[in-house]
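Trainee: Let's have the full structure, built from the sequences with the hints guiding it.
2 protein chains.
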Amino acid sequence: MISIINVNGTDEVTFLNRLSERIGSVNEEVTAAVTQILRDVKARGDEAVAAYTKKFDGQLPPSFEVSRDEINDALTEADPAFVDAMLNAVANITEFHNRQKQQSFIDAKPNGVLMGQRIRGLKRVGLYVPGGTAAYPSSVLMNAIPAKIAGVEEIIMVTPPRKDGTANPDILVAAALCGVDRVFLMGGAQAVAALAYGTEMVPKVDKIVGPGNIFVATAKKLLFGEVDIDMIAGPSEILILADETAEPSYLAADLMSQAEHDKLASSILVTTSAEIAQKTKEELARQVQTLSRREIIEESLQRFGAIFVCETTDQAVELANRLAPEHLEVMMADPVSYIGKLDNAGSVFLGKYSPEPLGDYYAGPNHVLPTSGTARFFSPLSVDAFIKKSSYIYYTQEALANAKDDIILLAERERLTAHANSIRVRF
Amino acid sequence: MISIINVNGTDEVTFLNRLSERIGSVNEEVTAAVTQILRDVKARGDEAVAAYTKKFDGQLPPSFEVSRDEINDALTEADPAFVDAMLNAVANITEFHNRQKQQSFIDAKPNGVLMGQRIRGLKRVGLYVPGGTAAYPSSVLMNAIPAKIAGVEEIIMVTPPRKDGTANPDILVAAALCGVDRVFLMGGAQAVAALAYGTEMVPKVDKIVGPGNIFVATAKKLLFGEVDIDMIAGPSEILILADETAEPSYLAADLMSQAEHDKLASSILVTTSAEIAQKTKEELARQVQTLSRREIIEESLQRFGAIFVCETTDQAVELANRLAPEHLEVMMADPVSYIGKLDNAGSVFLGKYSPEPLGDYYAGPNHVLPTSGTARFFSPLSVDAFIKKSSYIYYTQEALANAKDDIILLAERERLTAHANSIRVRF
Chain Z
-3 MISIINVNGT DEVTFLNRLS ERIGSVNEEV TAAVTQILRD VKARGDEAVA
47 AYTKKFDGQL PPSFEVSRDE INDALTEADP AFVDAMLNAV ANITEFHNRQ
97 KQQSFIDAKP NGVLMGQRIR GLKRVGLYVP GGTAAYPSSV LMNAIPAKIA
147 GVEEIIMVTP PRKDGTANPD ILVAAALCGV DRVFLMGGAQ AVAALAYGTE
197 MVPKVDKIVG PGNIFVATAK KLLFGEVDID MIAGPSEILI LADETAEPSY
247 LAADLMSQAE HDKLASSILV TTSAEIAQKT KEELARQVQT LSRREIIEES
297 LQRFGAIFVC ETTDQAVELA NRLAPEHLEV MMADPVSYIG KLDNAGSVFL
347 GKYSPEPLGD YYAGPNHVLP TSGTARFFSP LSVDAFIKKS SYIYYTQEAL
397 ANAKDDIILL AERERLTAHA NSIRVRF
Chain D
-3 MISIINVNGT DEVTFLNRLS ERIGSVNEEV TAAVTQILRD VKARGDEAVA
47 AYTKKFDGQL PPSFEVSRDE INDALTEADP AFVDAMLNAV ANITEFHNRQ
97 KQQSFIDAKP NGVLMGQRIR GLKRVGLYVP GGTAAYPSSV LMNAIPAKIA
147 GVEEIIMVTP PRKDGTANPD ILVAAALCGV DRVFLMGGAQ AVAALAYGTE
197 MVPKVDKIVG PGNIFVATAK KLLFGEVDID MIAGPSEILI LADETAEPSY
247 LAADLMSQAE HDKLASSILV TTSAEIAQKT KEELARQVQT LSRREIIEES
297 LQRFGAIFVC ETTDQAVELA NRLAPEHLEV MMADPVSYIG KLDNAGSVFL
347 GKYSPEPLGD YYAGPNHVLP TSGTARFFSP LSVDAFIKKS SYIYYTQEAL
397 ANAKDDIILL AERERLTAHA NSIRVRF
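Chains Z and D are the protein sequences, given in the same order.
If you read the first sequence in the numbering used here, its first letter stands for residue -3, the second for the next number, and so on.
If you read the second sequence in the numbering used here, its first letter stands for residue -3, the second for the next number, and so on.
Worth double-checking, as some hints may not be accurate.
[What the hints assert, rightly or not] Straight-line Cα separation of at most 30 Å, DSBU-like style, residue types lysine-lysine; simulated pairs:
(1) D/Lys337 x D/Lys275
(2) Z/Lys259 x D/Lys217
(3) D/Lys337 x Z/Lys105
(4) Z/Lys119 x Z/Lys144
(5) Z/Lys119 x Z/Lys217
(6) Z/Lys348 x D/Lys105
(7) D/Lys337 x D/Lys277
(8) D/Lys217 x D/Lys277
(9) D/Lys277 x Z/Lys144
(10) D/Lys259 x D/Lys348
(11) Z/Lys144 x D/Lys105
(12) D/Lys217 x Z/Lys119
(13) D/Lys275 x Z/Lys144
(14) D/Lys217 x Z/Lys200
(15) Z/Lys144 x Z/Lys105
(16) Z/Lys259 x Z/Lys159
(17) Z/Lys217 x D/Lys119
(18) Z/Lys105 x D/Lys348
(19) Z/Lys105 x D/Lys97
(20) D/Lys277 x D/Lys50
(21) D/Lys275 x Z/Lys105
(22) Z/Lys400 x D/Lys275
(23) Z/Lys97 x Z/Lys144
(24) D/Lys144 x Z/Lys97
For the record, the hints were derived by calculation from the structure and aren't laboratory data.
Mentor: Here is the structure:
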């Protein structure tokens, strides 16, 4: 099962190398197949979408678009306890993301000059929701709510039809609760292409977000520039910092909540206590018995899980900063004193009563986070991902007259004489 | 030379098709060559950088790193008028970008819950500055100043050595004025690779920004994910909206200030006045005689320049929004009333005395802008490009107890039992 590794030894190097190889490289066969699908959908539109849907999903849904009535029915017919829990999550997520909203600004100078930055939501955003067991309603909330707050005019969801040709009702409930405007039953690269190029049926969007399998991820990558996309999520990870005050049963449970996602998920405990390390290992072995995704958990912990024992807290923090994990739990005495020490992490969970699933579903911050060490430079999904900015400049004749010699000098220094001419012609 | 086209005719379609084909597709030979360079620099570090420098730049500079003394000397020995103009530009750019700075926030609830978003500058940023005639000091300011304001700890500039093995002194002046920390004389894909992977000599960075030729752009694209990058700039464009109150000599001068950049640059006038269209065409023919980059201007206007004549202002605005230009000048009566009508543009220049070069060098807003219609979803370079965010959550035992049933229900609904277990184990 999971190994206990002393920090700064050769085992650390071996493990970190294995971890970095976890990130998949480009698959040429998939790229070729997806390129063909994109070309086809661009050329033949809905006809191509239908052909690929038949090929990959087995049959066509009775209608590609889910009607407003069907969406509303899903909500009214859903288990009220589920709807209630979703509504609480929506309220928390909305409250947190409201604080991220940037305002347009204007700088109006006494000499009549105006300068500013205008901020608007993107016009239309596409949201991909995977089918099967990865059809997570929480993922709909985390993508659609920030888009709505940013001022996106229209959110178009695509999701593969189930075997019976219908949509997953939980996904429809989520769509209804956070204002998704239209839902289409299509998946894979063909759905991504339809969103990017637009078809008779599916409106062309400005940005495509949401998780998906390798065909979806490859399609998004290839279409980047034609539309904007969100980050391509890699396998996810948790890192827990724990001292001797931590509770091994909590540590084990939290490590496994990450490990159950995927055989490639990585769950790492970094502790200053050899005793905590040992006890957590025992707890893992005990608790895993009761969990439905035991096989995935055991394989993930075996390959990409580790318990590091450090001599000092500084060493532990340094390792966390180096690994830049997607999720970082701090189970140390005085956890809030660590906020300023942690340089690289998507989301930080402080103290004994802030387990990662609290953030996955409920507390408010986004659960779409930079994976595989990219928290060094990427950020959680936020309202900023759904806005566009323009700057504007208004100068008066007098203000330009005062600036003209500087601008002409700088333009000529760069040998751009037509730039200089554009100033000169005005005086 | 430039053609006059009536809007909504077949000529419009032909022109817009030509325009959209201007964007280069992937060059497989370049990709293969760059892939090899990246692999080499990753494996052999400085040795590979030296070998490629010798191969592509002809010889090695006496030292790869430009010393602090050399940078300071460039500043003290520069023409005082140039330094003065640069200082004024630095002040304006700094003032504008200071307004973009986002603050970390905290939401502290009465029940003891804390939630927040922490914002910091990236730790280290690499800035690529091309050599030769494209070595623009203004481009150093536009990239380095927002990085500094974001709180980036260290800015590393790379720029190819000149034939005599030294750096362009204007670039060093710009570097000195906006706080670039270190300067290395290396260019091409090998310099980009050195920044991304780090070598003994060059520190590894978190993000690489700045313009470059196809080798530089391809290297950045391939390294995206290993580091963050800025937008890949395509050929640039200007679109001018003009009514009968516009001054044809200004219109012609401004169109050419864009056209002189590149044979692929696109300069488009959209006017409601056939008379203005005709007069501007005449002015272009007249003014181009005196300009040093006449050949580039004429080719660019011939292929990717156009004067559109519209019947209504709405038609003109609609075309501007459809083309989503990098630069948009509004030479209409009451220009500020157009701010809210223009959906897609990188930077908007309002009125007769706000020509594009004012923004390129001086006014304050950034000149690194989304090109080739991507203003539909991309934004000007800003302080936001140099920050990273983390969210944090602190819950008390009581707060988690209140939330636990909802979270367990949502987790089990998604069949993630280890997620539910992580909450349950605490109660």
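Trainee: Look at each hint and say if it fits the structure.
Mentor: Checked hints:
1. D/Lys337 x D/Lys275: 27 Å, holds
2. Z/Lys259 x D/Lys217: 29 Å, holds
3. D/Lys337 x Z/Lys105: 23 Å, holds
4. Z/Lys119 x Z/Lys144: 11 Å, holds
5. Z/Lys119 x Z/Lys217: With Cα atoms ~21 Å apart, Z/Lys119 and Z/Lys217 stay inside 30 Å; holds.
6. Z/Lys348 x D/Lys105: Holds, at about 18 Å.
7. D/Lys337 x D/Lys277: Roughly 27 Å separates the two Cα atoms, so the pair holds.
8. D/Lys217 x D/Lys277: Not OK: D/Lys217 and D/Lys277 at ~39 Å, beyond 30 Å, violated.
9. D/Lys277 x Z/Lys144: Since the Cα atoms of D/Lys277 and Z/Lys144 sit roughly 45 Å apart, the hinted pair is violated (cutoff 30 Å).
10. D/Lys259 x D/Lys348: 26 Å, holds
11. Z/Lys144 x D/Lys105: 24 Å, holds
12. D/Lys217 x Z/Lys119: Given that 30 Å is the threshold and the Cα spacing comes to 27 Å, the pair holds.
13. D/Lys275 x Z/Lys144: 46 Å, violated
14. D/Lys217 x Z/Lys200: 25 Å, holds
15. Z/Lys144 x Z/Lys105: Violated - the C-alpha atoms of Z/Lys105 and Z/Lys144 are around 34 Å apart, more than 30 Å.
16. Z/Lys259 x Z/Lys159: Given pair Z/Lys259, Z/Lys159 holds - Cα atoms ~26 Å apart, limit 30 Å.
17. Z/Lys217 x D/Lys119: 27 Å, holds
18. Z/Lys105 x D/Lys348: 18 Å, holds
19. Z/Lys105 x D/Lys97: 20 Å, holds
20. D/Lys277 x D/Lys50: 47 Å, violated
21. D/Lys275 x Z/Lys105: Violated: D/Lys275 and Z/Lys105 sit about 34 Å apart, past 30 Å.
22. Z/Lys400 x D/Lys275: Given pair Z/Lys400, D/Lys275 holds - Cα atoms ~25 Å apart, limit 30 Å.
23. Z/Lys97 x Z/Lys144: The given pair, whose Cα atoms are some 11 Å apart, holds under the 30 Å limit.
24. D/Lys144 x Z/Lys97: It holds: about 23 Å lies between the C-alpha atoms, which stays within 30 Å.
In summary, the numbered hints that this structure violates are 8, 9, 13, 15, 20 and 21.
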